[in-house]
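S.K.: Sequence:
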Amino acid sequence: MATHSAPKQPNGLDFFADAIRAALATALDLEPAVLVLERPREEAHGEFAVPCFRFAKAAACSPPQLAAKLAAELHIADVCATAIGPFLNFQIDPQRLAYVVLSSALTADFASGQQGLTTIVEFSSPNIAKPMHVGHMRTTVIGAALARIFQHLGHKVIRINHIGDWGSQFGKLVAAWQRWGSEENLQADPIAELLQLYVRFHAEEAADSSLAADAKIAFQKLESGVENETRKTWRHFTELSLREFERVYARFGITFDFVRGESWYEDKLEALSQWLDECGVTELSDGATIVNLESEGIKTPCLVKTAHGTTLYATRDLAAAKSRWEEFHFDQLLYVVGAEQTLHFQQFKAVLKRCGATWQERMEHVPFGLIRLAEGKLSTRAGRVIGLSEVLDRAVELARAAVEEKNPQLPNKEAIAEMVGVGAVVFHDLKHQRQKDVVFDWDEVLSFEGDTGPYLQYSHARCCSILRKADRALTSIDSIDLTLLEGGQELFVAMGRLPQAIRETGQKREPVLLAHALLKIASAGNAYYRENRVLGTGDLALENARLLVIQALRDTLALGLGLLGVPAPEQM
RNA sequence: GCACCCGUAGCUCAGUUGGAUAGAGCGUUGGUUUCCGAAACCAAAGGCCAGAGGUUCGAGUCCUCUCGGGUGCACCA
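In this text, residue positions in the first sequence follow the working numbering: the first is 1, and each later residue adds one.
Any given hint could turn out to be false.
[To be verified] Simulated pairs of lysine-lysine, BS3-like, Cα-Cα distance not exceeding 30 Å: (1) K156 <-> K508; (2) K322 <-> K299; (3) K322 <-> K221; (4) K221 <-> K305.
No lab work stands behind these hints, which were simulated from the structure alone.
Produce the complete structure using the sequences and hints provided.
M.R.: Quick look at the structure:
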């Protein structure tokens, strides 16, 4: 399975990187693919660097000698090679760099690719009957960003929301509902009522053993497949919850191709059990059905059925995986799920491996670190939660105040505040490396200055503002005199690196790479239009040239923000 | 007890698959607005990359151990 995405035409700095790699490969008699172009530490040294240490031995000379030799021998169009010690640096002709980067940035498929790969991203996956809290933020935001990025890279992307709508917890919920439920409260605020029931169940469970027994029976009734009162209640809860989730997704601008709860795979569970038996991997242990995984180096066996015959999380995930494979024949299936479930994914992949399902290699757990509060781990039961809507509301509220203060004359301030607030929250999440735990800090999430979503949005809005004031049709790049552009090198390089950043974001499943590439672009952009005034210079040719840069910058920021899921208002 | 993840500036984080003098933001200090938007820009100060060994031309990055934080380890999801 290929993981690299080749753009239709090398764009941005890839255009030069490919040429450099090809020339270097010929000179060193190597495959271009093995040559990794690095970035010189000093920007003044050029756009690309190749340390010559590893090639020196084969060339029978010292690294500095090799670097010097290659610098003298290589002839690459519009690229100048120089040696500094053992480092071979490449500088792109500024004129040519500006042309290539600007023209690629102005095309709709900038930094895209074309591949027929099918990528499934499973993300968000909240549990019915509980509110979405900050803990759901990471999977939702990271998953949605990865999905958009793979789509941009040319994959056929299938987004699946694997709603937690099945399992013994619903037996508990139904049992609690039958004892204490109030239809009136449920209508008024469904999630709050369901949450209250859930919390109460756990509070009273220890003192009243009949509760757990009732819950067990309720789930058995649910799993029996027979239409009954229990099932009706469960379906009602599900519908109410989904409606709540939809509201949050709408604010994030997220849609799914399939909202398939665990229950969707209900009728596939029996066949799955049979399949596991046929594969000869199941065995009984203390009454439960398990798959021993010691042969795969995993000590804990995978439980696929409880002693009282009900299915488990792993059972349903196995059924889901198999069903997806049969339906989509995916090239990759990414599970954007918290790192605390690493063992679960190792186990259930190992089960499939034991069954001879080679396609399990295409499945990948994309783990992320926990969001914790300063007071400790999030806990729905303990009431230690911050609702996702609450976070968004507070961010929007602050954004509203900021807009009111900085730009009171704007029309549709409310819509802009929503975009800024949501953008701040989303970007804050994507700014962190996936695997690291995040301590939730209101001040940080709600900050609009520095390395933040609103900073990127501001840069974008500034470009929009300049273009709006110029109020003219953009001249074609080929009729523009790019020699008039003196500065901007840093900006062009930053923009030119976007294709690589997007590619790597996909390969490493790490949105922080794109986030940082965008910050660099915005920062270089802010410096650019500060130093190079666009309008009112009295030189029309110069204005048009700079306007083109602003247009390319705006398009690039809009592209990147769109991929991350940060809204890009034209004014703010 | 075993396994996995994390430890970089006062704080929050990057660090180009092992390369050149470790970079941003916040905060601190100082500067920039008769000029396309100051949610911005410019500059200064701030580091024994948790600690100790090892691997090699070269280590924040790889290996081993120690310390500190987090997570998981059979009928929850």
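S.K.: Taking only the CA atoms, is the gap from K322 to K221 under or equal to 30 Å?
M.R.: holds, 25 Å
S.K.: Does K221 pair with K305 here, judged by a C-alpha cut-off of 30 Å?
M.R.: holds, 16 Å
S.K.: Next pair to validate is K322 with K299; report whether the Cα-Cα distance is within 30 Å.
M.R.: holds, 24 Å
S.K.: Take a quick look at whether K156 and K508 sit within 30 Å of each other, Cα to Cα.
M.R.: holds, 18 Å
Violation of the numbered hints given earlier is absent; every hint is satisfied by the structure.
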